[in-house]
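Using the sequences plus the hints, can you model the full thing?
The listed protein sequences correspond, in order, to chains A and B.
The first sequence: position 41 = 41 (our numbering), numbered continuously.
The second sequence: position 201 = 201 (our numbering), numbered continuously.
The set of hints was computed from the structure by calculation and includes no laboratory data.
Small disclaimer: the values here were computed from a predicted structure and weren't measured.
The C-beta atom is built at its ideal place from N, Cα and C for all residues, glycine as well.
It cannot be assumed that every hint is accurate.
[Claimed, not checked] Incomplete in silico selection of chain A near chain B, CB under 10 Å:
| id | residue |
| --- | --- |
| 1 | C11 |
| 2 | K18 |
| 3 | M34 |
| 4 | L70 |
| 5 | G74 |
| 6 | R80 |
| 7 | I88 |
| 8 | L99 |
| 9 | L100 |
| 10 | G101 |
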Amino acid sequence: MNLWMWLLLSCLLAYAWKLLGYLVPASLLRDPRMSRIAGTMTIGLLASLTVVNAVASGQSLVLDARLGALAAAGIALWFRAPFLVVVIAGAAAAAGLRLLGWD
Amino acid sequence: MGLDSDAAELAPVKILQSPAVRIGLSISIATGLYGVSFGALSVTSGLDFWQTMALSLLLFSGGSQFAFIGVVAGGGSGVAAMGAATLLGMRNGIYGMQINALLQPRGWRRFAAAHVTIDESTATSTGQTDPLEQKRGFWTAGLGIFVLWNLFTAVGALAGAALGDPKQWGLDGAAVAAFLGLLWPRLKGREPVAIAVVCALATVLAVPFVPPGVPILVAALVAAGIGWFSHGRSDEGLEPDVDPYAENHVHHHHDPAGDHRGDRTGDDA
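Listed below in structure tokens is the structure:
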């Protein structure tokens, strides 16, 4: 139930961001700093989420099969594979490495 | 679709000749399809079917949805998940300002437009130069992705629930790949790569010292600081996951000089 509450609040806040763009005066758009922060934060958050999911396990850092998934995804992206192929490559690499005994 | 008095323009044959509608439809399919991976990862992160559907129906912003389940999967709290998802959603406010300036929706349409204001609908619209095409592109991509994204989220959630042990299928690896896939299109040039590296390092340094989920918020703070104090492109990082106009600037993709949104002219015949 607690998770539901944070989840629904997230939905509300996501819509609030979107709607805010339609309600604020257009002059704010001419302030490049806000859109710059929105952009750098997008990059920072996605980089952070990539790393956390690759090497964090609770509060410790571990090197396991997920690192293989990161490498496989990087290679797939380099060859301009579509998003879904990238995701499948990541899953296949992690599953394959575990089959080979590297956890 | 074009919701104004352009009823004559809405004849089926004519509408399919519109470049914006064509691009909007193809981007809808490409983006909608990867809703499968969101649905599957969400249920294996510990959310149930309806929580997963609530995210796709109500939050409806791919990056934020993946962020929410990514934090939950890593053992983070609900409030940390909300923080990451909300900070990642800030750019949609910028997109809202752009679309509001271009389309100027009025009445209930403004509230509907806000809900489907995401990377892809904005990119499809701003890639066109003719106002009618901008409007068609926005609504085709926005509504098309909304329908397909939710449909494929449900498919993925049902499939994911049937998989059993997620680790055996490498689904934790799939999550890593998904985040790298969301980040990748935004790394055009040296500067965004540097921002990504700094934030990744900040994350790694923070992991042992703060509760799960919080390192992501630390990275967000670092990124906001970089944005506040440095000067660079004001649309850095504001790129769609699936680029509607990829074929028009495919050659610039790894060009360190980067390519700018304004270069996208679409094929407005």
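* Asked: Does the nearest C-beta of chain B fall within a distance shorter than 10 Å of the C-beta of I88 (chain A)?
  -> holds (7 Å)
* Hint validity - K18 (chain A) Cβ closer than 10 Å to any chain B Cβ -> holds (4 Å)
* **Closest C-beta approach of R80 (chain A) to chain B relative to 10 Å, hint status** => This interface hint holds because 8 Å falls under the 10 Å limit.
* **Hint check, L100 (chain A) versus chain B [nearest Cβ-Cβ separation less than 10 Å]** => violated (12 Å)
* To do: Classify the hint on G74 (chain A) as holds or violated, based on whether any CB of chain B lies nearer than 10 Å to its CB.
  => holds (6 Å)
* Given hint L99 (chain A) near chain B, where the shortest CB pair must fall under 10 Å -> Check passed: Cβ of L99 (chain A) comes within 9 Å of chain B, closer than 10 Å.
* To do: Double-check L70 (chain A) for me: the hint is only fine if its C-beta lies closer than 10 Å to a C-beta in chain B.
  => It holds, given that the least Cβ distance between L70 (chain A) and chain B is near 5 Å, below 10 Å.
* **Given hint C11 (chain A) near chain B, where the shortest CB pair must fall under 10 Å** => Interface hint status for C11 (chain A): holds (4 Å vs cutoff 10 Å).
* To do: Answer holds if the nearest beta-carbon of chain B is closer than 10 Å to that of G101 (chain A); otherwise answer violated.
  => Because about 13 Å separates G101 (chain A) from the closest Cβ in chain B, which is outside the 10 Å limit, the hint is violated.
* To do: Verify the interface restraint on M34 (chain A): the C-beta must sit less than 10 Å from at least one C-beta of chain B.
  => Holds. Min distance 7 Å.
Checked against the numbered hints listed earlier, the structure breaks hints 9 and 10; every other hint is satisfied.
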